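Protein chains in written order, with my numbering: chain A, 1 to 578; chain B, 1001 to 1415.
Heads up, some of the hints might be wrong.
To be verified - Partial pick of chain A residues on the chain B-facing surface, computed with a CB cut under 10 Å:
no., residue
1, L185
2, K312
3, T372
4, A395
5, A396
6, Y401
7, A473
8, A489
9, D507
10, R531
11, G534
12, L540
13, D560
14, Y567
As the list claims (entries may be wrong) - Simulated crosslink set (SDA-like; lysine to any residue; CA at most 25 Å straight-line):
no., chain 1, residue 1, chain 2, residue 2
15, B, K1092, B, E1003
16, A, K68, B, T1175
17, A, K571, B, M1150
18, A, K311, B, K1125
19, B, K1156, A, G562
20, A, K67, B, R1223
21, B, K1002, A, A473
22, A, K571, B, T1175
23, A, K571, B, E1180
24, A, K478, B, K1089
25, A, K312, B, L1263
26, B, K1332, B, V1354
27, A, K8, A, D56
28, A, K478, B, A1096
29, B, K1221, A, P69
30, A, K311, B, E1035
31, A, K387, A, A165
32, B, K1043, A, D569
33, A, K478, B, M1105
34, A, K387, B, K1156
35, A, K418, A, Q137
36, A, K313, B, K1125
37, B, K1276, A, A314
38, A, K313, B, G1256
39, A, K311, A, S394
The hints are simulated quantities; they were obtained by calculation from the structure and are not laboratory data.
On a predicted model such as this, the values are computed, not experimentally measured, just so you know.
Virtual Cβ for every residue (Gly too), placed ideally from N, Cα, C.
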Amino acid sequence: MNLKAIAKRVHKIAPSVKVEEHRGCVRLTGELDSWDAIYRCGVAAVSGKSLGVLNDIRLKGFVEEMKKPSLRDRALEGKRPDVLIVGGGIMGCALARELSRLDISVLLIEKANDVGTGASSRNDGCIHPGIDLHRGQLKLHYVLRGNAMYEGLCKELGCDFERWAQTFMFSTKWERYIIAPLMLLKGKLLGVPDMSFKTPAEMRELEPHPPKWLTGAVYMASAGVVSPYKVTIALAENAIENGAEVSLNTVAEGMELKDGRIVSVRTNRGTVYPKIVVNAAGAYSDVIAEMAGDRTFTIHPRKGTDLILDKKKAYYALSSFARSYFAPLPPEAREESHAAVGHTKGGGVMRTVDGNILVGPNAVEQPYREDTSTSLSDVMSIIRKQKVAAEELSAADVITYFSGVRAATYEEDFVVRKGIFTENVIETAGIQSPGITAAPAIACDVRDWVKEMLGAKDKKDFDPVRKHTPRLAGLSPKEREEYIRRDPAYGEIVCRCEEVSKGEIIDALDSPLKVCTVDGIKRRVRPGMGRCQGGFCSPLVVKIIAEHEGMREEDVLKGDEGSFILYGDTKKGGEADK
Amino acid sequence: MKEYDVIVIGGGPAGLAAAESACKAGAKTAVLEREARLGGILKQCVHDGFGLIRFGEKLAGPEYAERYIDLVEALPVDTYTLTFVTEIKKEKDGFAVTCVSREGMLSFRTRALVLATGCRERTAKQVLIQGTRPAGVFTAGTAQNFVNLMGKLPAKRCVILGSGDIGLIMARRLTLEGAEVEGVYEVKPEPSGLTRNIHQCLHDFDIPLHLSHTVTRVFGKDRLTAVEVAEVDDRMRPIKGTERVVECDALILSVGLIPENELAESLGVKLDPSTKGPECDQTYMSTVEGVFSAGNALNVFDLVDYVSECAADAGGNAARMLPSGECVRLEKGKGILSYVPHRIDLAKPSDRVVLFFRSAKDMDRATLRISADGKEVYKKKFAFLRPPEMQRVEIDFSAFGLNAKSKLTVELEEN
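Please take these sequences and the hints and turn them into a complete structure.
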């Protein structure tokens, strides 16, 4: 690699940064007082000839505090799983399920109190067609395969999946005549299926409320949508049904390496001795890779915010769409044109599987891996920006919003490979957008590697179908009647906005991956996801959890440890023990 | 399939009053309530002050509800609890109502409907509060449920945003239960709740009220640890540099109520932008023949006594189902925030129409004026009008010589 040229680019941004080669990677060290400069140095250090960028420039005064469970016990002490998966996002859970097809023991550890609480639950659930990718990228390879897998996968898992398509809308004539054919050609070269051009009249058939400026659109019929956290949970549940073990509130604290192999992994719940470690640690995947002595990349956290609109506004979009970013914005929206930041193409408008409209995301580089707080400027700029495509959008339609942190590498590609410096590690790192789409396909490759490395056999009794109760509100009255006859709790509605019954909540509490928190129940069966945002049902949900689990209401948590909702009895006048 | 003349959806104070009067007017009546017990939100309103107009005495919320439950239970009204309406379909001469209950799916047919579905609270995200998503952010009604129905304390030191009545009541309630209320913050320059509540719930307990202030951000990864408050300008936007971080363990929101009209909308009922409830005539019939609206689903009231009054009228009218005729719209003129009814049906009696209205701003002295075709046909003087306090006035519209082409306007003039 040409280290001199890289150093020149980096020094233009920050002359004090030391640039060196380290085991085939470009390593940057030093200290700067601007995160933006650190980020730009990392970008400048990217080279096709190196293994990756190790951006170890410190941000002055910045100390990152990883959120860790306080729990300490020896529940996992001495365990010898064939495979240890670090991280319970969609990547880790897809791996756990794929590996549970093999006749091996699988342990997944996740530091939060549920799976899928990081980026996997904080994205729009888009199953991408892959048009924005490039040949040679791992992203493209896995997105095309993953996209094709989703329909069958969701059928097995009992999750909703809709191929609602995605459209890229043009506002000028020249885009229509130049960009559209180029896009269709690119699609053909990349192997993106089912792309076509649509005239404004054809678009109106598909989207009854297209923007006024529409001159044409490229229509990608292969695009789909899922509930990303439901898929993540379903993958974990099916993995458990097939023998995998999931240990929540468990964090990897260190690894013992010997002769280029991981001997053991130290956790807050004891030391584990796995044959193979798979890194699926998302925003912390570079930290885990470092622990495993196998780091060739750096994660730079990139925050994105999405807004969720009331289901009443579902007519805004029947599919997902975005305005083409090649032409300048229509004059009335031009002042917002600064809003496209970083690597996102500016997001769009999409219909979720649950029938809400989701708007966003944006993209903001930040040093924090876990800061998912929202800001007014982000929310307002997303509204103003997407108003261009969804002209009737207003702040009054918004029922809630959330942010997530993408685990981006400087190479802007996935790191999916066997260990380079450590023999028994496999990296599935940097899995950011389109990670939901890609994860099931990545998991298949990793399964084959593990099979070969361990000489494992297929498990004879693997059952790909997850046992679950369907969403009752979506059933016919007759089918619903049958459920209620079996258990009257299915006829007792707890969440009025999303029409969720007590029976469905109890089923979630009895599921293979038991998570007795208000957020856990919310992610599984939706109470609190509607327009009142849990105002009416949260006391009921707390009560149902407490009754079913035989615990006190004040011990029911919202999410992670420490997120208690109630103190003790009022009669004690607040003298309860918190 | 059971058949009724009138089905009332919602078993709170509005639904109960509507059912009582529908039944007394001779209609075969049913009440559908999604919760386990009748009474609606009154079940958790343990403070007193209810019923001064209706019963001539001060009652606690549950007592007021109990009086109506007794009245309804003494009548041949069928009440269905834990019964949730999933679908209403308009049919010829009536409606088909589908419900889910512990007994299975229930189907009803009815000639008329009274929608008494109440209201819901605006949430933190709807007032654009930013930051993290910790435990400890509650709407005032949810906090009230935890304290009064579950008997558990949701906060030890809290900030309350919004000086709506439930927020004020909860400031007092939490203080009495041993929690500290750091302050009540109100984005408007005037309080949103009733004057009596400002005195009885804040002043009497030395709880500070910060007008023209809002909460902009919450902090805390798991449980809320602090909020950021800021002063706002005259367009209610936070003023840079006035931000202050207040350490607390809960944020309680009393930032407005939204009438619940999802069922009404599914029937094609038109909503009025000023009340966010159904647009209705003097019999509380919506824009869909046979669909009546009552209580807080129609218009968020300040007093339950008015809820009962309007619901009783709606229930009686639903039972009678007077034929509709030509209507005159009552247009909103200056000085009016919201009002009910929105039109006068000339075929229905209009000699004793109850007009409920709120003023758009504080007015020491004002004249309510109704004009028909530019001519003043009615006026009445009022003193001390405040937007949080609903006004009630009976007007004889039959004396105005209205016809289908009349232009009718209601307005308030400050003097």
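To see whether the hints hold, each was checked on the structure:
1. Nearest Cβ of chain B to the Cβ of L185(A): about 43 Å, over the 10 Å cut. The hint is violated.
2. Evaluation of the K312(A) hint against chain B yields a held restraint, the C-beta minimum of about 7 Å falling below 10 Å.
3. Nearest Cβ of chain B to the Cβ of T372(A): about 7 Å, under the 10 Å cut. The hint holds.
4. Nearest Cβ of chain B to the Cβ of A395(A): about 7 Å, under the 10 Å cut. The hint holds.
5. Restraint check, A396(A) versus chain B: the minimum CB separation of about 8 Å is within 10 Å; hint holds.
6. Contact between Y401(A) and chain B, as hinted, is supported at the beta carbon level, the nearest pair being about 6 Å apart and thus within 10 Å.
7. Interface hint at A473(A): satisfied, since its Cβ lies 8 Å from the closest Cβ of chain B, which is below the 10 Å cut-off.
8. Satisfaction of the interface hint for A489(A) is found here, the shortest Cβ-Cβ separation to chain B being roughly 8 Å, below the 10 Å cut-off.
9. Violation of the interface hint for D507(A) is found here, the shortest Cβ-Cβ separation to chain B being roughly 16 Å, above the 10 Å cut-off.
10. With its C-beta approaching chain B no nearer than about 7 Å, R531(A) sits inside the 10 Å limit, and its interface hint holds.
11. Checking G534(A) against chain B by beta carbon gives a least distance of about 8 Å; that is within 10 Å, so the hint holds.
12. This hint holds: L540(A) has a C-beta 9 Å from the nearest C-beta of chain B, less than the 10 Å allowed.
13. The closest approach between the C-beta of D560(A) and any C-beta of chain B is roughly 5 Å, which is under the 10 Å cut-off, so the hint is satisfied.
14. With a least beta-carbon distance of about 4 Å to chain B, the hint placing Y567(A) at the interface is held under the 10 Å criterion.
15. The suggested pairing of K1092(B) with E1003(B) holds, with an alpha-carbon distance near 14 Å, which does not exceed 25 Å.
16. With a CA separation close to 35 Å, the supplied pair K68(A) and T1175(B) exceeds the 25 Å bound.
17. Of the supplied pair hints, the one linking K571(A) and M1150(B) holds, its CA atoms being roughly 11 Å apart against a limit of 25 Å.
18. For the given pair, K311(A) sits about 16 Å from K1125(B) by alpha-carbon distance, which is consistent with the 25 Å threshold.
19. A hinted pair counts as satisfied when its Cα atoms are at most 25 Å apart, and K1156(B) with G562(A) qualifies at roughly 15 Å.
20. Under the criterion of a C-alpha separation no larger than 25 Å, the hint pairing K67(A) with R1223(B) is consistent with the structure, at around 14 Å.
21. For the hint linking K1002(B) to A473(A), the alpha-carbon distance of about 23 Å falls within 25 Å, and the restraint holds.
22. Among the hinted pairs, K571(A) with T1175(B) is consistent with the structure: their alpha-carbon atoms are about 12 Å apart, no more than 25 Å.
23. A distance of roughly 15 Å separates the Cα atoms of K571(A) and E1180(B); the hinted pair therefore holds under the 25 Å criterion.
24. The hinted pair formed by K478(A) and K1089(B) meets the criterion: a straight-line CA distance of about 17 Å does not exceed 25 Å.
25. At most 25 Å may separate the alpha-carbon atoms for a hinted pair to count; K312(A) and L1263(B) meet this at roughly 12 Å.
26. Of the supplied pair hints, the one linking K1332(B) and V1354(B) holds, its CA atoms being roughly 16 Å apart against a limit of 25 Å.
27. The straight-line distance between the Cα atoms of K8(A) and D56(A) is roughly 18 Å, inside the 25 Å bound, and the hint therefore holds.
28. A threshold of 25 Å between alpha carbons decides the hint, and for K478(A) with A1096(B) the separation of about 16 Å falls inside it, so the pair holds.
29. Restraint check for K1221(B) and P69(A): satisfied, since their Cα atoms lie roughly 13 Å apart, inside the 25 Å limit.
30. The suggested pairing of K311(A) with E1035(B) holds, with an alpha-carbon distance near 23 Å, which does not exceed 25 Å.
31. Proximity of K387(A) to A165(A) is assessed by CA-CA distance (about 20 Å); at most 25 Å being required, the pair is judged to hold.
32. Under the criterion of a C-alpha separation no larger than 25 Å, the hint pairing K1043(B) with D569(A) is consistent with the structure, at around 19 Å.
33. Our distance criterion of 25 Å between C-alpha atoms is met by K478(A) and M1105(B), whose separation comes to about 8 Å.
34. Between the alpha carbons of K387(A) and K1156(B) the distance comes to roughly 42 Å, so the proposed pair goes past 25 Å and is violated.
35. Between the alpha carbons of K418(A) and Q137(A) the distance comes to roughly 17 Å, so the proposed pair stays at or under 25 Å and holds.
36. Pair hint K313(A) plus K1125(B) holds up; C-alpha atoms about 17 Å apart against a cutoff of 25 Å.
37. With a C-alpha separation of about 20 Å, the suggested pairing of K1276(B) with A314(A) holds against the 25 Å cut-off.
38. Taken as a hint, the K313(A) and G1256(B) pair is honoured in the structure, with Cα atoms around 21 Å apart against an allowance of 25 Å.
39. Between K311(A) and S394(A), the direct Cα distance comes to roughly 14 Å. Compliance with the 25 Å bound is thereby established for this hinted pair.
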